[in-house]
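*Asks:* The primary structure of each chain is shown beneath.
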Amino acid sequence: MKFFPGCMIHNRYPGIEKALYYVFEKLGIDISPLEGSSCCPAPSITRSVSSELWEELAQRNLKLADGETVITACNGCFTTLLEVSEKSGTGDVRHVAEFFYTEIGVEELKRYVEKRLPLKLAIHYGCHFFRPSKHKKFTSPERPKMLDELVEVFGAESVDYRYKFMCCGGGGGVRAGATEVSHDLLRRKMDGIVEADVDAIAVICPLCMNQFDNGQKELSELVGEDYGIPVIHYVQLLAIAMGMDVEDTGLERHAIVSHSFIEKLVKGEKVED
Amino acid sequence: MNEEYLRKLNTCIQCGTCIGSCFSGKVTALNTRKILMEYLAKGKPVKEDDTIWFCVTCYACQERCPRGIPLTDILIEARKELVKEKGLPGRLKNAFGFLAEYSALVPARDEHAKLREELGLPLYHSQFVDGARDEVVEIVRKHLGGVVR
Chain Y
1 MKFFPGCMIH NRYPGIEKAL YYVFEKLGID ISPLEGSSCC PAPSITRSVS
51 SELWEELAQR NLKLADGETV ITACNGCFTT LLEVSEKSGT GDVRHVAEFF
101 YTEIGVEELK RYVEKRLPLK LAIHYGCHFF RPSKHKKFTS PERPKMLDEL
151 VEVFGAESVD YRYKFMCCGG GGGVRAGATE VSHDLLRRKM DGIVEADVDA
201 IAVICPLCMN QFDNGQKELS ELVGEDYGIP VIHYVQLLAI AMGMDVEDTG
251 LERHAIVSHS FIEKLVKGEK VED
Chain V
1 MNEEYLRKLN TCIQCGTCIG SCFSGKVTAL NTRKILMEYL AKGKPVKEDD
51 TIWFCVTCYA CQERCPRGIP LTDILIEARK ELVKEKGLPG RLKNAFGFLA
101 EYSALVPARD EHAKLREELG LPLYHSQFVD GARDEVVEIV RKHLGGVVR
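Same order as they appear, the protein sequences are chains Y and V. Counting from 1, one number per residue, gives the positions in the first sequence under our numbering. Counting from 1, one number per residue, gives the positions in the second sequence under our numbering.
No lab work stands behind these hints: they were computed from the structure. Misleading hints may appear alongside valid ones.
Straight-line Cα separation of at most 27 Å, DSSO-like style, residue types lysine-lysine; simulated pairs [as the list claims (entries may be wrong)]:
hint: 1; chain 1: V; residue 1: 8; chain 2: Y; residue 2: 137
hint: 2; chain 1: V; residue 1: 8; chain 2: Y; residue 2: 63
hint: 3; chain 1: V; residue 1: 80; chain 2: V; residue 2: 47
hint: 4; chain 1: Y; residue 1: 217; chain 2: V; residue 2: 142
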């Protein structure tokens with residue numbers, strides 16, 4: 001299998017990649033980086049300018065995999081590569097979350113857990129993981145449950161919160177092009193998350209992660225709103241539960257760092273044989 | 001306007017499910033239905049309406065439309081026509097400038113490359129692979145010649 005990092009993981013949150021290799025090694029699945037791959041490119045913003053460009057770059061990335069399955073851990077990369085592969089009939093594209101859920105399964109994943117993480121998590125799927133359902137056939141376009149079940153693998157609780165299925169405000173070029181709008185949307189979402197009193201926000205997309213992570217920092221600077229809720233990718237959580245050092249996940253290099261959260265991750269609950 | 005999109009837009013029953021499902025429309029002046037109906041009536045997107053760039057493309061409207069109209073896809077199509085006519089909105093120009101220079105909409109700066117190094121990860125995105133970067137940049141410039149510098 002080939003790992004497709006895209007810009008956000010390769011260039012902003014490489015800890016996700018490190019964690020992903022750790023998990024795949026534990027599972028005994030061979031995976032290596034898709035060398036020379038470029039920006040996927042981002043689905044909505046690129047198609048808002050040129051669908052020909054979107055398709056040609058995606059095709060180039062797919063060809064690099066030379067028939068191997070392409071694994072992504074980003075909803076944007078997943079959308080672009082999946083849709084173009086369907087259109088052209090070339091390439092097998094998977095998002096790591098649905099791959100774990102469908103191909104490995106929750107019960108099997110539990111067998112690899114060395115440390116339980118009894119955390120309260122606000123789960124955020126990210127719109128492009130489950131919509132449009134025309135392409136994302138594996139789950140509900142309204143209320144997916146996959147990730148809620150996936151965090152139970154290591155004993156975490158998915159806490160229901162207001163606006164759970166609302167966009168983070170980062171997609172569609174809005175974070176880049178209409179930053180104020182993306183901040184307004186983020187505040188709504190964060191208000192709902194604060195009410196739910198969680199340890200962290202768990203995501204499966206680095207663009208959502210960036211919006212929650214750097215977005216919170218920006219809100220603090222711009223309007224003095226200090227939410228201070230850390231954000232973590234599911235793969236990072238799973239890797240820690242499978243025994244990876246918290247330090248290696250790059251978590252301490254995120255914009256929002258919570259020492260009490262890191263302590264909980266370090267400590268966890270050891271699983272007895 | 002794309003013929004199939006036009007035919008589908010014409011089946012709209014004005015139920016308002018799209019605007020009722022719109023998250024961005026709750027915090028901004030974005031009115032998906034208005035944008036699309038004007039697009040339909042005039043045969044081209046309304047030039048003055050910048051709210052079209054407030055859509056996060058969450059696809060909630062498209063998913064819920066009882067007539068199965070691909071609303072988000074049509075809105076993206078409308079954006080594309082606007083870009084042809086009046087260029088990219090200011091801040092998006094930077095992002096595409098990065099794509100045309102570094103082969104990444106979000107390029108790494110030194111600090112990001114350093115973080116990868118600290119984590120023991122190689123630099124293999126086309127931004128860091130000379131031949132690959134040139135190949136990608138050429139594709140980007142071929143399609144975006146007039147849109148980015």
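*Asks:* Hint by hint, say whether it matches the structure.
*Replies:* Now for the hints, and whether the structure bears them out:
no.: 1; hint: V:8 x Y:137; verdict: holds, 23 Å
no.: 2; hint: V:8 x Y:63; verdict: violated, 34 Å
no.: 3; hint: V:80 x V:47; verdict: holds, 12 Å
no.: 4; hint: Y:217 x V:142; verdict: violated, 37 Å
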